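Student: Listed below, chain by chain, are the residues.
2 protein chains.
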Amino acid sequence: MKNSTFSDLSFSLDMPEWAADALGALPSHLPTPEARMAAVIEFSRQNFLRNTGGPFAAGVFERDSGRLVVIGVNRVMPFNCSSAHAEIMALSLAQKMLGTYDLGAEGVPAHELVVNWRPCAMCLGAVLWSGVRSLVIAGSGPELEDITGFDEGPVSEQWRTELERRGISLTDNVLKNEAIAAYREFTALQKTVYNARQGK
Amino acid sequence: MKNSTFSDLSFSLDMPEWAADALGALPSHLPTPEARMAAVIEFSRQNFLRNTGGPFAAGVFERDSGRLVVIGVNRVMPFNCSSAHAEIMALSLAQKMLGTYDLGAEGVPAHELVVNWRPCAMCLGAVLWSGVRSLVIAGSGPELEDITGFDEGPVSEQWRTELERRGISLTDNVLKNEAIAAYREFTALQKTVYNARQGK
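Chains as they are written, first to last, in our numbering: chain A, 1 to 200; chain B, 1 to 200.
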């Protein structure tokens with residue numbers, strides 16, 4: 001018996017319809033970490049309020065100029081794709097837009113990823129491979145898991161050192177209270193955390 | 001100054017043209033770990049020999065029946081996407097084919113991921129979120145990094161325990177010598193390792 005049903009070996013991921021307008025409504029440049037994070041948190045809120053994914057967003061910016069490249073949101077459930085975390089969406093879209101798999105390549109301005117909490121085990125790896133030179137997060141403590149039940153996975157205890165070793169600067173605790181408030185808002189709406197394995 | 005250029009917020013990843021025929025030529029079921037790994041290693045070879053990506057492949061199978069769901073290969077360079085590792089390709093394609101982001105959901109047969117080495121930091125995370133119940137790898141030692149120069153990233157020292165804790169069984173050292181031979185073949189061809197950051 002042979003397989004003959006491999007006619008479609010592609011998959012596509014995209015942002016929700018509201019995102020194009022929301023991105024277009026933002027200033028072209030967001031100069032401060034707080035301004036970048038505020039935009040990211042608002043995208044995370046819109047994503048769960050509009051039922052287009054989980055409460056996570058990630059933005060790619062030019063580190064020094066603050067130019068907004070793109071903000072991605074979690075798309076796991078809409079696309080039946082467990083890897084469609086916000087960071088993967090944002091980094092993949094930015095790399096496609098810029099035509100490089102290395103956002104830190106020679107000739108490319110340094111890029112920064114801004115996320116509304118410490119990336120999960122998978123996404124911390126994705127950050128390392130993306131070429132970004134700077135990671136800005138709203139927090140890194142247990143609050144996210146405590147509030148939402150989300151499983152971050154086994155992150156290397158040396159994660160800060162591993163970022164630094166690869167030339168990626170880390171800024172933590174940017175708009176932490178605002179990020180936590182959004183997670184509480186999500187939980188209060190009794191949204192299901194999408195990424196917990198459902199089976200036994 | 002406002003942004004108005006967010007007209008395309010999607011990205012697509014697909015397998016090389018040769019893969020559909022190569023998958024169709026395989027038996028529908030591969031009952032043993034060795035048979036599954038041999039197919040995966042051959043896909044990894046074809047991928048670099050045909051210049052369609054890096055020397056990595058990953059296959060999703062039904063764990064017990066051995067039914068072949070799909071084999072993915074690394075597509076980082078062709079798609080300018082640093083997350084397009086073989087495991088992400090295979091898991092995302094399998095989830096799309098099966099219509100679920102959880103390959104371990106109730107009512108879905110247990111699935112296994114077969115990879116031609118221990119997954120990198122990012123992909124180990126992806127394995128956890130995918131719902132697969134079984135991970136089969138060709139090896140987990142320093143040979144891959146030593147031979148190819150590939151950076152695996154900071155994997156939690158408790159990675160075996162973390163898999164086990166989530167109900168994912170691990171089988172290591174399946175066709176290890178054959179996998180190593182393929183990496184040596186890749187290196188002898190002086191292929192560039194795609195995933196090392198190029199910039200300073």
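Keep in mind that a hint or two might mislead.
Using C-beta positions, here's what the derived DEER-type ranges look like [to be verified]:
#, chain 1, residue 1, chain 2, residue 2, range
1, B, ALA38, A, PRO31, 52 to 62 Å
2, B, ALA181, A, THR161, 29 to 39 Å
3, A, GLN190, B, SER7, 47 to 57 Å
4, B, ALA25, A, THR32, 34 to 44 Å
5, B, GLN158, A, ASP146, 15 to 25 Å
6, B, ARG160, A, GLN190, 45 to 55 Å
7, A, ASN177, B, GLU143, 41 to 51 Å
8, A, GLU164, B, SER7, 50 to 60 Å
9, B, ASN51, A, ARG184, 45 to 55 Å
10, A, GLY107, B, SER169, 43 to 53 Å
11, A, LEU189, B, GLU185, 28 to 38 Å
12, B, GLU34, A, GLU178, 29 to 39 Å
Worth flagging that the hints you see were computed from the coordinates, not collected in a lab. Bear in mind that the values here come from a model prediction, so they are computed numbers and not experimental data. Backbone N, C-alpha and C define an ideal beta-carbon position, used for all residues, glycine too.
Student: Quick check: which numbered hints come out false for this structure?
Tutor: 3, 4, 6, 8, 11, 12
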